[in-house]
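Just so you know, the sequences run in chain order A, B and C.
Here the first sequence is numbered in this note's numbering, starting from 1 and rising by one per residue.
Here the second sequence is numbered in this note's numbering, starting from 1 and rising by one per residue.
Here the third sequence is numbered in this note's numbering, starting from 1 and rising by one per residue.
Fair warning: there could be bad hints in the mix.
[Said to hold, decoys possible] With a cut-off of at most 25 Å between alpha-carbon atoms, the simulated PhoX-like pairs for lysine-lysine come out as follows:
(1) A:Lys95 - B:Lys37
(2) A:Lys143 - A:Lys178
(3) C:Lys62 - B:Lys164
(4) B:Lys114 - A:Lys116
(5) A:Lys174 - A:Lys150
(6) C:Lys203 - C:Lys157
(7) B:Lys164 - A:Lys116
(8) A:Lys180 - C:Lys12
(9) A:Lys110 - B:Lys103
The set of hints was computed from the structure by calculation and includes no laboratory data.
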Amino acid sequence: MVFSSMTYLFVFLPMVLLAYFVAPEKARNMVLLAFSLIFYAWGEPVYIFLMLMSITVNYVFGRIISNNRANHSRYAKLNLGIAVGWNLLALGIFKYYPFVSTQLRGVGLKFIPAMKLLLPIGISFYTFQAISYLVDIYRNQIKVQRGFLKFALYITMFPQLIAGPIVRYEDVEKQLTKRKVTLAMFGNGGEFFLRGLIKKVLLANQLGALYVQIESLGAGHASAMTAWIGAFAYTFQIYFDFSGYSDMAIGLGKMFGFRFPKNFDYPYTATSITSFWRRWHISLSSWFREYVYIPLGGKRVSPGKHVRNILIVWMLTGLWHGAGWNFILWGLYYGVLLLLEKYVIHDRISSHPWPGRILTFLLVTLGWMFFVHTDFSEMLTYVGHMFGVGCTLANATTGYFIRTGLLVLLLGAFFSTPVFHRLNEQFAVKYYTVSIALRVLMFMLCVAALVYQSYNPFLYFRF
Amino acid sequence: MSGQWDIEKRRQLYIVAFQVVAVTALLVFVWFIAHEKKYKEVDVPALVTELSAITQDEWHEEDALSLKRRFGLAANDFAAVGYFGPNSNMDAAELLLVRVNDKSQVDAVVEAMKNRVAYQCTCFNGYGEDQMTLLKDVRYVTRGYYVFMIISSDASAVEREFLKQIEP
Amino acid sequence: MTDREARERARKLRFFRLLGIVFLMMIFLLSFLRLVWPRKSYSAQERRSLAQLPEMTTENLKNGTFSNAMEDYLADQFPARNVWVYLDELRGHIMGEKYSQGVYRSGSGYLIEEFKRKDDARAAKTTKAVIDYLREYPDIRAYFMLIPNASWILKDKLPKGAPIDSQEEWYASWEQEVRNAGLSNLTVVSPVQTFIDETKLDKQIYYRTDHHWTTYGAYVGAKTLAASMDLPFENQNWKQVQVHSRFQGTLMSKSGFYSRTADAIELYLPEPEIACVTNYKEQQKTLPGLYSSEGLAGDDPYEVFFGGNYPWLNISTNAKSNRKLLIFKDSYANAMIGFLCPFFSEIHVVDPRYYTGDIRTLTASAGITDICFLYNINTYYEDGSLSLILEGGEADE
Numbered sequence: 001m002v003f004s005s006m007t008y009l010f011v012f013l014p015m016v017l018l019a020y021f022v023a024p025e026k027a028r029n030m031v032l033l034a035f036s037l038i039f040y041a042w043g044e045p046v047y048i049f050l051m052l053m054s055i056t057v058n059y060v061f062g063r064i065i066s067n068n069r070a071n072h073s074r075y076a077k078l079n080l081g082i083a084v085g086w087n088l089l090a091l092g093i094f095k096y097y098p099f100v101s102t103q104l105r106g107v108g109l110k111f112i113p114a115m116k117l118l119l120p121i122g123i124s125f126y127t128f129q130a131i132s133y134l135v136d137i138y139r140n141q142i143k144v145q146r147g148f149l150k151f152a153l154y155i156t157m158f159p160q161l162i163a164g165p166i167v168r169y170e171d172v173e174k175q176l177t178k179r180k181v182t183l184a185m186f187g188n189g190g191e192f193f194l195r196g197l198i199k200k201v202l203l204a205n206q207l208g209a210l211y212v213q214i215e216s217l218g219a220g221h222a223s224a225m226t227a228w229i230g231a232f233a234y235t236f237q238i239y240f241d242f243s244g245y246s247d248m249a250i251g252l253g254k255m256f257g258f259r260f261p262k263n264f265d266y267p268y269t270a271t272s273i274t275s276f277w278r279r280w281h282i283s284l285s286s287w288f289r290e291y292v293y294i295p296l297g298g299k300r301v302s303p304g305k306h307v308r309n310i311l312i313v314w315m316l317t318g319l320w321h322g323a324g325w326n327f328i329l330w331g332l333y334y335g336v337l338l339l340l341e342k343y344v345i346h347d348r349i350s351s352h353p354w355p356g357r358i359l360t361f362l363l364v365t366l367g368w369m370f371f372v373h374t375d376f377s378e379m380l381t382y383v384g385h386m387f388g389v390g391c392t393l394a395n396a397t398t399g400y401f402i403r404t405g406l407l408v409l410l411l412g413a414f415f416s417t418p419v420f421h422r423l424n425e426q427f428a429v430k431y432y433t434v435s436i437a438l439r440v441l442m443f444m445l446c447v448a449a450l451v452y453q454s455y456n457p458f459l460y461f462r463f
Numbered sequence: 001m002s003g004q005w006d007i008e009k010r011r012q013l014y015i016v017a018f019q020v021v022a023v024t025a026l027l028v029f030v031w032f033i034a035h036e037k038k039y040k041e042v043d044v045p046a047l048v049t050e051l052s053a054i055t056q057d058e059w060h061e062e063d064a065l066s067l068k069r070r071f072g073l074a075a076n077d078f079a080a081v082g083y084f085g086p087n088s089n090m091d092a093a094e095l096l097l098v099r100v101n102d103k104s105q106v107d108a109v110v111e112a113m114k115n116r117v118a119y120q121c122t123c124f125n126g127y128g129e130d131q132m133t134l135l136k137d138v139r140y141v142t143r144g145y146y147v148f149m150i151i152s153s154d155a156s157a158v159e160r161e162f163l164k165q166i167e168p
Numbered sequence: 001m002t003d004r005e006a007r008e009r010a011r012k013l014r015f016f017r018l019l020g021i022v023f024l025m026m027i028f029l030l031s032f033l034r035l036v037w038p039r040k041s042y043s044a045q046e047r048r049s050l051a052q053l054p055e056m057t058t059e060n061l062k063n064g065t066f067s068n069a070m071e072d073y074l075a076d077q078f079p080a081r082n083v084w085v086y087l088d089e090l091r092g093h094i095m096g097e098k099y100s101q102g103v104y105r106s107g108s109g110y111l112i113e114e115f116k117r118k119d120d121a122r123a124a125k126t127t128k129a130v131i132d133y134l135r136e137y138p139d140i141r142a143y144f145m146l147i148p149n150a151s152w153i154l155k156d157k158l159p160k161g162a163p164i165d166s167q168e169e170w171y172a173s174w175e176q177e178v179r180n181a182g183l184s185n186l187t188v189v190s191p192v193q194t195f196i197d198e199t200k201l202d203k204q205i206y207y208r209t210d211h212h213w214t215t216y217g218a219y220v221g222a223k224t225l226a227a228s229m230d231l232p233f234e235n236q237n238w239k240q241v242q243v244h245s246r247f248q249g250t251l252m253s254k255s256g257f258y259s260r261t262a263d264a265i266e267l268y269l270p271e272p273e274i275a276c277v278t279n280y281k282e283q284q285k286t287l288p289g290l291y292s293s294e295g296l297a298g299d300d301p302y303e304v305f306f307g308g309n310y311p312w313l314n315i316s317t318n319a320k321s322n323r324k325l326l327i328f329k330d331s332y333a334n335a336m337i338g339f340l341c342p343f344f345s346e347i348h349v350v351d352p353r354y355y356t357g358d359i360r361t362l363t364a365s366a367g368i369t370d371i372c373f374l375y376n377i378n379t380y381y382e383d384g385s386l387s388l389i390l391e392g393g394e395a396d397e
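Next comes chain A alone, as it looks inside the complex (with noise of 0.2 Å):
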């Protein structure tokens, strides 16, 4: 289920949220509990025993590892390897057998069997909090949690289920027991709720569509300019998209008196790659940088094994986005250029923010044609007209998409930046009634959008 449906919003939001508040204090991790499930089982429901299975084999393994760090640390060590082995076992079967055996079939290995297996949702985030709780007891860092209620319920709960943040336990581990939420503070998380659901709705599926319509125009209409149009259009719908479901689970987190960490920060208005990756998926990144790049030796090492490093770890974040070659290149496009910022240009590019802003920007826009690019043809035909190959600089139909798209193009630039966000509060504070007015209409512009979703009465693209 995804938070920007008519299911959740009009019928398992009201649902959770009044069984929630009617339940006595003690029963409400059961509640959560019992509702991320179901949240969970919605559309996949077989791959709840995967997610049971999960929560047991990490609870108990936290557990054996827990006992036996103070004493028997090589033992623990081993619990350890077993788990984080486990975990990772399950990912890599559910998420890339299907690819890796395709690879292998393709170059003659006939003899791998070919499964069907659909992706369980969200396997990569939960894998990952449960590899983070399991390193961090190991390193002494949390106390292990005795209670299996309230582990499965670190593991599942909804609001960042399917889609992140992911959150170390050390962020939850005192919420997991004792929580309290005010009427502000759920006032407070419906206000990121409705920012997610706005960004979206009204932004993400709106720039989605100008990006679709700009990238399967036919050969006779392609130019240079068309195809930035569109890779902006795609640049910003997936910063919208993802960011607009983080600012939503985290919303919904504070209505249950969850504190998730922030996992956005403006990326676009970095300067640089390196301060990029601070601000984009800010809990994946210092995922890796905990669990991967530090215990490879980070930059304390030589020079060779830094390089090393920087590009196992970018590999391997490409491909945690997905299974595929374009993942892999579009991970190791930001390996070498980081690499490149480091050794390379690091303090000669001038003082000032601007430069460093629009370079930054749009080698970020031309790594999301490697990631969204599945087809490695249509990739370098795509990009190729970025660069004026095949196709020219501009034509009508550039004409056509600019006065199309600017606007939601410009409202995506604005929107990316920290200026809305200070005015909205300064605002909001000052002015009461219209900014209650104002959340009121955007939500019933949302919902307009999601119900126009289901006007269709040439439906057959469906099927």
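Following the hints, complete the assembly by docking chains B and C onto the known chain A.
Here is chains B and C on its own, set in the frame of chain A:
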């Protein structure tokens, strides 16, 4: 002293047992998800005839030529085919059950079915509201060697009965 | 904390409290309305039946179709659904959106369907099938008339630079193909120039919100065709009757764009009157005349012509003529057939999308003297059914 050692030993044994169970459970689950059940081999045309009687849809049994024309599929390529087509081109109800020789054929058959449905939709869209309703409720059921397309006023009932019949 | 900061904080808390209450109200109010709102079974605007509460079975729960069906149901049955759709359309309008589901919002209230050259091969196959078929009947006079769509004739009204493929280019290559076949009995009839001229005179060839041509457009088309057929069209008088004044058509339904304009539907009745009887062959019914008041009253008033599309119609007239016409057509022809009735004693109308019979038997048995292929370019380009019925079963083997 030895009692404590025993307890420790037993605990370690439990842990080893748990490790084994954890990994086995995962592999069993994967097998459960990925394995294909063996379905019963049935008389395909007879089954389709039987299924066609469940609803009052306007359809009749078609020959291999219609299959070729409408789906681009040659009946000889498959182990068995049962096809009920619409009584007139103003009807939309159809049943096509194919038992493939080789699982690699499944995708192509489903593809052909989808093309057929997409084509039917272009014929009826904007004109035939009832037909569009049936077409939108199309089911593609693939089980083992069976590929089954159901366009019917009660697709669920047909699907249920079909699954019951091939259940081993 | 200074006083001012404390006041700020208090105001902020109050704001969020208020927002919390409003948020809860919105969610619960809409959820409640949704529960009690009466269910509808049909949307006239979209011309489709609306999703109903799906029945829950272990099978559809297991394979996930239940959740999709549930989402469809909730969206289709949402309280005051059309108002929400309208609201979103308004938002799109303000945002400058010009394109939806293959339709462009264009000047003067026109909605114009795009033309996309996805697959030239299909149309080429159709053209070849037509030529091969006509080659078998060298004694029958044949006419091939493709009617341009609004995206060609009204291209000035399209949003500037809209990425639409040129019908003109495609048409030129098609015409070349037909001419290369060298059939002496075949005439290509093109109303393009007349349409362009008429449009310059501010005559309305196309409905603003429907993909069809107006009856006037059909009249002009018929005049062009009649000239090629050597019919005394100029001698015929027509009485114009307006039968619908607020016609909003398929393109509005399809795109969800609200056009603030509406059109009139007119009929042109021959004077003096010609008696016609339409035999709906596969439906086994015979009705007087060409027009259907039922169709006019329905959701698609364009169905005033024959009540819609049927596999095979046979129209007999009391016209003093020994010519018999066979038309292969799409829905554009429905508006035009009336103009041909005074000149043929019998007209067979075949819609290949629905026709299942053997076309050669029909051609040979009915004493046909003229054959006409009458399509609008969009349908001709996309539809594969014509080649299917012309090739027959054997061609595929």
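Okay, the hints, checked on the actual structure:
no., hint, verdict
1, A:Lys95 - B:Lys37, "holds (23 Å)"
2, A:Lys143 - A:Lys178, "holds (16 Å)"
3, C:Lys62 - B:Lys164, "holds (16 Å)"
4, B:Lys114 - A:Lys116, "holds (20 Å)"
5, A:Lys174 - A:Lys150, "holds (11 Å)"
6, C:Lys203 - C:Lys157, "holds (14 Å)"
7, B:Lys164 - A:Lys116, "holds (23 Å)"
8, A:Lys180 - C:Lys12, "holds (19 Å)"
9, A:Lys110 - B:Lys103, "holds (15 Å)"
The structure fails none of the hints (numbered hints given earlier).
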